[in-house]
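One letter stands for each residue in the lines below.
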Amino acid sequence: MAYEAPITDYDHIVENCTCAFCGCNCDDLDYLVKDGHVVAVRHACRLGASKIMEDLDQRLLVPMVRDDDGELKEVDWDTALDKAAEYIANSIRPIFYGWSETSIECMKEGVALGEYIGAVLDNQATICHGPSLLAVQNAGYPVQTLGEVQSRADMCVFSGSNPMNSHPRHLARYSVFCRGYFRTRGRFDRTVVTMDPKFTDTAKVSDLWVGFEQNGDYGFYNAIRAVLKGKELYQDVISGIPREDIYELAEAMKNAEFGTLFFGLGLTHTLSKQRSIDIAIKMIIDLNKFTKWGLTPMRGHFNVNGFNIFMAFESGFPLGVDYCRGYPRFLSGETNTIDLLTRGECDVFMVVAADPGAHYPNGAVQHLAKIPVIQVDIHWGPSTEIADVVLPGSFIGVECGGTSYRMDGVPIYMKKAIDKPETCRDDEWIIRELKERVMKLREEPNVAPKYVPNPAAL
Amino acid sequence: MEYILKNGIVFDPTNNVKGEKKDVMFKDGKIVEQVSDDAKVLDVTDKLVMPAGIDPHAHIAGPKLVVGRMYRPEDSRRGATQKTSVIRGESGFSIPSCPATGYRYSRMGYGTVVEAAMPPLEGKHTHEEICAIPNIDVPALPLFGNNWFVFEFAKENKIDELAAFISSWLKITKGYGVKIVNPCGSEAWGWGKNVHGFDDKPPYFDVTSREVVKALAKANEKLGLPHSIHIHPNDLGHPGNVPTTLETLDSIKDVKKNAGVRDQTIHCCHLQFHAYQGNSWKDASSGAEEIAKYINSTDHVTCDVGQVTLDETTTMTADAPMEYDLYKLSGLKWVNKDIEFETAAGIIPVIYSAKSPVNTLQWAIGLELFLHIDDPWKVCLTTDHPNAGPFQRYPRIMSWLMSNTRRMEMIENGEVHKWVNSRTTLPTIDREYDFNDIAIISRAAPAKIYGFEDRGALTPGYNADIAVYDIKPNEIDPSKEYEAIEKGFSLTDYTIKDGKILVKDKEIVQVKKSRTIWTNVMGLEKEEQAVIDGIMPFFNQYYSVKWENYPVHDHYLSDPIRVDVQASK
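Line order of the protein sequences matches chains F and Z. Residue numbers for the first sequence follow our numbering, beginning at 2 and rising by one. Residue numbers for the second sequence follow our numbering, beginning at 17 and rising by one.
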């Protein structure tokens, strides 16, 4: 890595800004601002700093509507909003997807619009930590805030997660290298274990690498649970790991004073999907019979947890919330975005601060190409190529304030540091405008003439 | 806008109105003595009129609620109802969504509900949910009982500093009063342990539960806060916890009260869970009589009951070690949520069954407490929602309290387990509450205990928070017509909040924004700054957020009600 001279040419510093990249939500960043732009970021990792500094790279600046020739044409805000509102008002099965890179304040408008028109609201969890949420509904959720890990944990396990690449400051700020109240020597006071078929960068800084086979996670955790319950293992090698090593690891986990399991998409997206998380959660619960253990899903986007929390308190369900019947409902496989798209049910798709064009399975994207897609985002992406209306938003935590929830559920207010480009609008404003326009275009569907209580709740 | 509620049968215990037929008038959101001839007349002839209800202890907003909703879709589904032109779609039974929570309280004639546990670090989250709940005012109690700074002040008996800390943290979290949950126990849970009894210490801290509680009580009185310390004592739910409970209550008896608005210096919540005799569940029995005797003989203690309603519900408490004990009993899905340096929390679904001996015992102990405590001003109606049952069961509890016939029917028909005969005194009590008693335990007493001076009574100048029930007190025999009592208290004819008619003829006709109530202590600005300066090195080094991000900003409050208190020096 070449030496880069520190930036000295700036107008002023904005302190204690919050990073709008991963689920670490580091709230200690200093932005160096010159001529209304962030020219340098202190304390951030390279992922966060580059996102913040290169805010104008491939930036969507003007509203656009796709014309009859299939080309995106720049239009004024009124035209674009009217077009988008018309699509939504005339829809039968709309999906409003994304939300993980915008603020809770914007989601509030989104849920109001979704409830009005009867949409499905879903976020990126549907394609990332969705299995974790399903597992939480099956097995439970023993968690702790990251400050607890910093001060107490003497054993940190990373399973199917490579924070050295994906959450670069996690180890330094919250889990491994940082000095905590009871872990005064930081890294030296902790045992770090990486469980991953790959020898990742996180494995390189760990004390122990457990390289179980691809898709071997379920069998491996099952074996640890068996050992914790005092059972004997009969196979010599389980999921590619020798029996003796499993005994030794289970013993070490039992003898930790405070242990934490961090897991990522490597665990959620192997063959057994949510069952892998199920058994990992149950293993953590079992370990609590001996000592203190907790876990934390390594959430990717800075507000992906926020959407799940927000929807849970607004509707009772964390993701895939379907309002089409005038009340919230959720059923995995029925009301999740991918299922709705691959079945061809959805007829209008609004994506807010996400890039389904880049991340969805082929079948889902194919359906997206057939239906009107409204994009609210700050950057160009593959989704722009299939979008019929593009509404340029603003950058939460840089150009616009807002609330987000860290991976451990701690709420953070991300403050505004600079002004947004003149032609862009805040996400919250855009969704509110859409809501008001839709309300003018269509009477609210699915309204009960009278409140009828649910007999099950009486 | 002026209104007159005409010819209702009014129960307003604070003003000593016991079932008089009279008019209640209000104007511009306040109760008034006189209105002009233009006033709109609402005819409520012979119907039951009370101040709007006040729930002194419920869990309705905050981080553990949301995890409960997230991980129990089966519960959310149970309460789903379709939106109307006035209200949003609802969901949830024991942990309703935020909108459903507000609507359901409103339909029962409630106007104020205290959120009983707010972790300061996640105070923003609690207030976000409060903003999402319509129709009721929600004060929140921040948790102090396992806070490391509190441990330090308590250990060194620095009451002045502790008082400044509390006053500062109430501002920071926009909290109303001091909540203590399993003092020292939730900290011990940081290591998977618990404290046992009132004189135990958590690992690494040289401070006992007794020292923490006494210090907080002294600091609370030093500040003269409108509410006393609000305690969930150690050993919740353990057979044989009566001595711990009594020691906890007794340890405060010498602390001098310093607030005219209330009578108590300690409020013990969900007392039912703290009134078990015996050594294990095998030989457990009721300790309600002993505890009631203590409360009857003193004047510094008030309580709420946490009545078991015999439903499937969700338990959630900052007493995290207890939740793991419950997990070991039931094996149901377990949630734990530890908050750095402040508290912990646990959640587990629970099925209270009338067929179960233990659940029947718990059910009976709750009722025994209501019936053995002589002075209804010392006891409040709660289910510790959702722990012992969901709040929409309050009307059923009222019917149990008003009808010995119903209670004996349940006991004699075998609707509840026979332990009720051998392990409790419930079958021997024939006391029945009257409407005045009900008005006390569900509105007047909570208002007094919280030091509210704007609600809980129909005094001129107070908020026009009024409930009118479809019950004719002069015609009904509650003892025999218990079903009509339950039905009548479930849905109001009118719920009026701040002079706005929210419920009319059992339907919500209007929705209003909720407000939080918080206590602003004045006169300790210098001391507060000194305390903050003192803890700042620790905060900067160990907390996982920046100080700037710690307080609940005004952004998270909608039109809050600030209660100013002048601290005595």
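Bear in mind the hints are in silico, worked out from the structure with no lab data behind them. You may find that some hints are simply not true.
Claimed, not checked - Below, a list of computed lysine-lysine pairs in the DSS-like style, where the Cα atoms sit at most 27 Å apart:
1. Z:528 / F:230
2. Z:209 / Z:187
3. Z:516 / F:451
4. F:451 / Z:528
5. Z:562 / F:35
6. F:290 / Z:171
7. F:417 / Z:562
8. Z:344 / F:451
Claimed, not checked - Interface residues of chain Z toward chain F, partial, derived using beta-carbon atoms under 8 Å:
9. 297
10. 310
11. 353
12. 523
Ideal Cβ positions, reconstructed from N, Cα and C, are used throughout, including at glycine.
Can residue 353 of chain Z be said to touch chain F, with a Cβ gap under 8 Å? holds, 6 Å
Hint consistency between residue 290 of chain F and residue 171 of chain Z [alpha-carbon to alpha-carbon, up to 27 Å]: Outside the cut-off at roughly 31 Å; violated.
So if I understand the rule, the pair passes when the alpha-carbon distance is 27 Å or less; does residue 516 of chain Z with residue 451 of chain F pass? Distance of about 21 Å is within 27 Å: holds.
Would the hint linking residue 528 of chain Z and residue 230 of chain F be met if the CA-CA limit is 27 Å? Violated: residue 528 of chain Z and residue 230 of chain F sit about 53 Å apart, past 27 Å.
Using 8 Å as the Cβ threshold, decide whether residue 297 of chain Z counts as touching chain F. violated, 19 Å
Mind checking the alpha carbons of residue 209 of chain Z and residue 187 of chain Z for me, to see if they're no more than 27 Å apart? violated, 32 Å
Going straight from one Cα to the other, do residue 562 of chain Z and residue 35 of chain F come out at no more than 27 Å? holds, 24 Å
Does residue 562 of chain Z lie within 27 Å of residue 417 of chain F when you go C-alpha to C-alpha? holds, 16 Å
Decide if the proposed pair is consistent with the structure: residue 451 of chain F and residue 528 of chain Z, CA atoms, cutoff 27 Å inclusive. Holds, at roughly 19 Å.
Holds or violated: residue 344 of chain Z and residue 451 of chain F, Cα atoms, limit 27 Å. violated, 44 Å
Hint check, residue 310 of chain Z versus chain F [nearest Cβ-Cβ separation less than 8 Å]: Violated: closest Cβ of chain F sits about 35 Å from residue 310 of chain Z, beyond 8 Å.
Checking hints one by one. Is residue 523 of chain Z an interface residue toward chain F, by the C-beta closer than 8 Å rule? holds, 6 Å
Going through the hint list in order, the structure does not satisfy hints 1, 2, 6, 8, 9, 10.
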